[in-house]
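Number of protein chains: 2
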Amino acid sequence: MTVKETCLKAKEHSGEIAFAGEDKMNMMLIAAAHALRDHAGYIIAENQKDVDACTRGPQFADRLMLNEKRIDGIAAGLEKLVQLKCPVGEVLEERELYNGLHLRRVRVPLGVLGIIYEARPNVTADAIGLAIKSGNAVVLRGSKDALRSNKAVTSVIKNALRESGFDPEFIQLIEDATHEGATEFMRMNGIVDVLIPRGSASLIQNAIKNATVPIIETGTGNCHVYFENTADISKAIPILINAKTQRTSVCNACESLLLDEEFAGKHLKEIVSALQEKNVEIVACERCRKFMPELAAATEEDFYTEFLDLKISIKIVDGVDEAIAHINKYGTHHSDSIVTENEQAADKFLEMVDSAAVYVNASTRFTDGFEFGMGAEMGISTQKLHARGPMGLKELTSYKYQIRGNGQIRG
Amino acid sequence: MTVKETCLKAKEHSGEIAFAGEDKMNMMLIAAAHALRDHAGYIIAENQKDVDACTRGPQFADRLMLNEKRIDGIAAGLEKLVQLKCPVGEVLEERELYNGLHLRRVRVPLGVLGIIYEARPNVTADAIGLAIKSGNAVVLRGSKDALRSNKAVTSVIKNALRESGFDPEFIQLIEDATHEGATEFMRMNGIVDVLIPRGSASLIQNAIKNATVPIIETGTGNCHVYFENTADISKAIPILINAKTQRTSVCNACESLLLDEEFAGKHLKEIVSALQEKNVEIVACERCRKFMPELAAATEEDFYTEFLDLKISIKIVDGVDEAIAHINKYGTHHSDSIVTENEQAADKFLEMVDSAAVYVNASTRFTDGFEFGMGAEMGISTQKLHARGPMGLKELTSYKYQIRGNGQIRG
Numbered sequence: 001m002t003v004k005e006t007c008l009k010a011k012e013h014s015g016e017i018a019f020a021g022e023d024k025m026n027m028m029l030i031a032a033a034h035a036l037r038d039h040a041g042y043i044i045a046e047n048q049k050d051v052d053a054c055t056r057g058p059q060f061a062d063r064l065m066l067n068e069k070r071i072d073g074i075a076a077g078l079e080k081l082v083q084l085k086c087p088v089g090e091v092l093e094e095r096e097l098y099n100g101l102h103l104r105r106v107r108v109p110l111g112v113l114g115i116i117y118e119a120r121p122n123v124t125a126d127a128i129g130l131a132i133k134s135g136n137a138v139v140l141r142g143s144k145d146a147l148r149s150n151k152a153v154t155s156v157i158k159n160a161l162r163e164s165g166f167d168p169e170f171i172q173l174i175e176d177a178t179h180e181g182a183t184e185f186m187r188m189n190g191i192v193d194v195l196i197p198r199g200s201a202s203l204i205q206n207a208i209k210n211a212t213v214p215i216i217e218t219g220t221g222n223c224h225v226y227f228e229n230t231a232d233i234s235k236a237i238p239i240l241i242n243a244k245t246q247r248t249s250v251c252n253a254c255e256s257l258l259l260d261e262e263f264a265g266k267h268l269k270e271i272v273s274a275l276q277e278k279n280v281e282i283v284a285c286e287r288c289r290k291f292m293p294e295l296a297a298a299t300e301e302d303f304y305t306e307f308l309d310l311k312i313s314i315k316i317v318d319g320v321d322e323a324i325a326h327i328n329k330y331g332t333h334h335s336d337s338i339v340t341e342n343e344q345a346a347d348k349f350l351e352m353v354d355s356a357a358v359y360v361n362a363s364t365r366f367t368d369g370f371e372f373g374m375g376a377e378m379g380i381s382t383q384k385l386h387a388r389g390p391m392g393l394k395e396l397t398s399y400k401y402q403i404r405g406n407g408q409i410r411g
Numbered sequence: 001m002t003v004k005e006t007c008l009k010a011k012e013h014s015g016e017i018a019f020a021g022e023d024k025m026n027m028m029l030i031a032a033a034h035a036l037r038d039h040a041g042y043i044i045a046e047n048q049k050d051v052d053a054c055t056r057g058p059q060f061a062d063r064l065m066l067n068e069k070r071i072d073g074i075a076a077g078l079e080k081l082v083q084l085k086c087p088v089g090e091v092l093e094e095r096e097l098y099n100g101l102h103l104r105r106v107r108v109p110l111g112v113l114g115i116i117y118e119a120r121p122n123v124t125a126d127a128i129g130l131a132i133k134s135g136n137a138v139v140l141r142g143s144k145d146a147l148r149s150n151k152a153v154t155s156v157i158k159n160a161l162r163e164s165g166f167d168p169e170f171i172q173l174i175e176d177a178t179h180e181g182a183t184e185f186m187r188m189n190g191i192v193d194v195l196i197p198r199g200s201a202s203l204i205q206n207a208i209k210n211a212t213v214p215i216i217e218t219g220t221g222n223c224h225v226y227f228e229n230t231a232d233i234s235k236a237i238p239i240l241i242n243a244k245t246q247r248t249s250v251c252n253a254c255e256s257l258l259l260d261e262e263f264a265g266k267h268l269k270e271i272v273s274a275l276q277e278k279n280v281e282i283v284a285c286e287r288c289r290k291f292m293p294e295l296a297a298a299t300e301e302d303f304y305t306e307f308l309d310l311k312i313s314i315k316i317v318d319g320v321d322e323a324i325a326h327i328n329k330y331g332t333h334h335s336d337s338i339v340t341e342n343e344q345a346a347d348k349f350l351e352m353v354d355s356a357a358v359y360v361n362a363s364t365r366f367t368d369g370f371e372f373g374m375g376a377e378m379g380i381s382t383q384k385l386h387a388r389g390p391m392g393l394k395e396l397t398s399y400k401y402q403i404r405g406n407g408q409i410r411g
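Heads up: the sequence lines are chains A and B, in that order. Taking this note's numbering, the leading residue of the first sequence gets 1, the next gets one more, and so forth. Taking this note's numbering, the leading residue of the second sequence gets 1, the next gets one more, and so forth.
Next up, chain A with everything else stripped away, as it sits in the complex (with noise of 0.2 Å):
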């Protein structure tokens, strides 16, 4: 099939989710959880000759390797959906207008998403989980690397639903790994409602460069933590510690330490030794150097950089003003923290910082759909339209209005 036949055949196929009801769609996740447990050797089995074919590296291969653990993790998500409460159908708001007629918005799903991401096969029963219990088709489309991976963990549950007595065919696997197949897919305006592309920032960017398919974008995070001078240092450095080493490699951690000149003065050494004992490479401007003149010079652009690793930038700035100013400029709108005692300083950091979460007082590592309660996420938006910061159940759908009247006409 082609890119333009996979995507028509989801969205032919979306009103079997749509309308599914929430029984059916808890039927099918317990189905599809039974199933990639039941085949979790031939899942295994695909899965290995993707590892074998990979020369990408250990850390690549580990992301792309699927194990019984794994495979009962995953399954593991699917049955936690089922506790959600699914989100279609929700009346949004109800009420009679001027002229006798009545109007409800109504909560529909988003119709047929599509998801480009890395070789991370995990993703892919996630995002037909999610879209189940949204009732959304979906149209999934991996990376090369993972094609087998992906193909044996969607046939699995495809063919779990259909013999369960459900037609599968609004979860479709596009099989062209070529990139012209991704631009394709990324242009299907009128056939794909939202492209939500999941993986590394240049996955990312290439989707906003190319999609004419509104997008979300998601999760690159140069998220920061400001010291403000009367931050209480017992709690400062646990949440600098917690956000930039308890997991590198994800969105949410801590890239850029912010700190009043003061606060610098009295701390720099012990925020330093903190860090320097958890092996974080450090990246200083002037100013802090002129504290400790052996940490390494930071350019402009390590504070724009997100790092995803055991390495930050450090930065002495001139009060909560400049803080908020250098976050809004250098951030990607993702999680800062500020830590402080004081109450005005907070209130001006949370309504000022323009980030989809804001933080008084803790690590930056809250920004998750669990985390937040959403029992689910899809990814992490930053940006401002449709969705921002983590994206559950009900942030993957839309509404309509209902109007019903007799025989109402416009003067």
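No wet-lab data here; the hints were simulated from the structure. Hints may be right or wrong, so weigh each one.
[Unchecked claim] With a straight-line Cα cutoff of 30 Å, these simulated BS3-like cross-link-like pairs (lysine-lysine) come out:
| hint | chain 1 | residue 1 | chain 2 | residue 2 |
| --- | --- | --- | --- | --- |
| 1 | B | Lys4 | A | Lys329 |
| 2 | B | Lys9 | A | Lys209 |
| 3 | B | Lys24 | B | Lys9 |
| 4 | B | Lys348 | A | Lys394 |
| 5 | A | Lys4 | B | Lys348 |
| 6 | A | Lys235 | A | Lys209 |
| 7 | B | Lys348 | A | Lys85 |
| 8 | A | Lys9 | B | Lys209 |
| 9 | B | Lys85 | B | Lys9 |
| 10 | A | Lys24 | B | Lys329 |
| 11 | A | Lys329 | B | Lys394 |
| 12 | A | Lys209 | B | Lys329 |
| 13 | A | Lys209 | B | Lys209 |
| 14 | A | Lys9 | B | Lys348 |
| 15 | A | Lys348 | B | Lys348 |
| 16 | B | Lys329 | A | Lys329 |
Fit chain B to the known structure of chain A by using the hints.
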């Protein structure tokens, strides 16, 4: 100024409106409305130069033309916005997470709105008004044909704001009227948060193809009225005539009539004469022409066409399922209406027609921010992402998460 400099200037000043608060927003709106009336003479003189230079026919010139009455209407529109509640700061959600983090989801402005539109200088003031009351900076890019008018309107409003003690630089007009300038404007990622094209289908398609900034697709309306077998003819004909003829050039006007065969057998002649009495040109499917061979034959293309004129396509369908399938295939997901006395058919139509506004026994002409009680509108979205149907003040906002802790770190 270059396009980029213009957009950057709006962004740099966006905080002045985002954090202005409702009282100041209202003062700005009132000042702007007064100034438009006070300087109507100047605006009309500048507009006259555009009208004199216009070689695109009387209809075009009429849309371009401003007079005292129209300017008064534009000013009154700004004053009406004073009565509407500013959506910024609304707490959409507030809860305590398992770890004691206090989470609030708060409505915030989108940031910088980009508006690209045709030779209707009223859009200039309308968009500025909506931007002010929704806390957004705005960059306007009208057509070359209206440049003098747009400059006059913008400078009158900006001067009025300045004289009232506000910095009006969050409002910017792009004076570069080149095609390249428009394309550059559509690619101001990181500066412009959303692009809203307002105007013809070709303008909108051009934005979809060229924009890398998130856009909201608006206003193309191939709207349907469907007479189901049980329709009450005394409601059906007035609804059709209203939807088709009350105003033909608007996106919520009806372009196509579907009807069941039995109903056509009983009423087609009466329907056709009601349309012809209003000078509506009719193109009809072969099944219609079996009843009335004198009707002109419709092409496949006709059923895809938004005539925006006294012209309609008519097609006989076999019941509500075919009507729904036809609308979802040929329509533009704007506004569609069923006329029926059958509750099941009505429910099915409301649920399964994939349009922003779906009606039972009412004219499609009601899809409008004012009719829906929003008090104003920036356009009517025909996409599913972010906003669907009329976009009022709330639809020009996003949200952010504000999270307060006391040292929480992720385990």
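Violations among the numbered hints | 6, 15, 16
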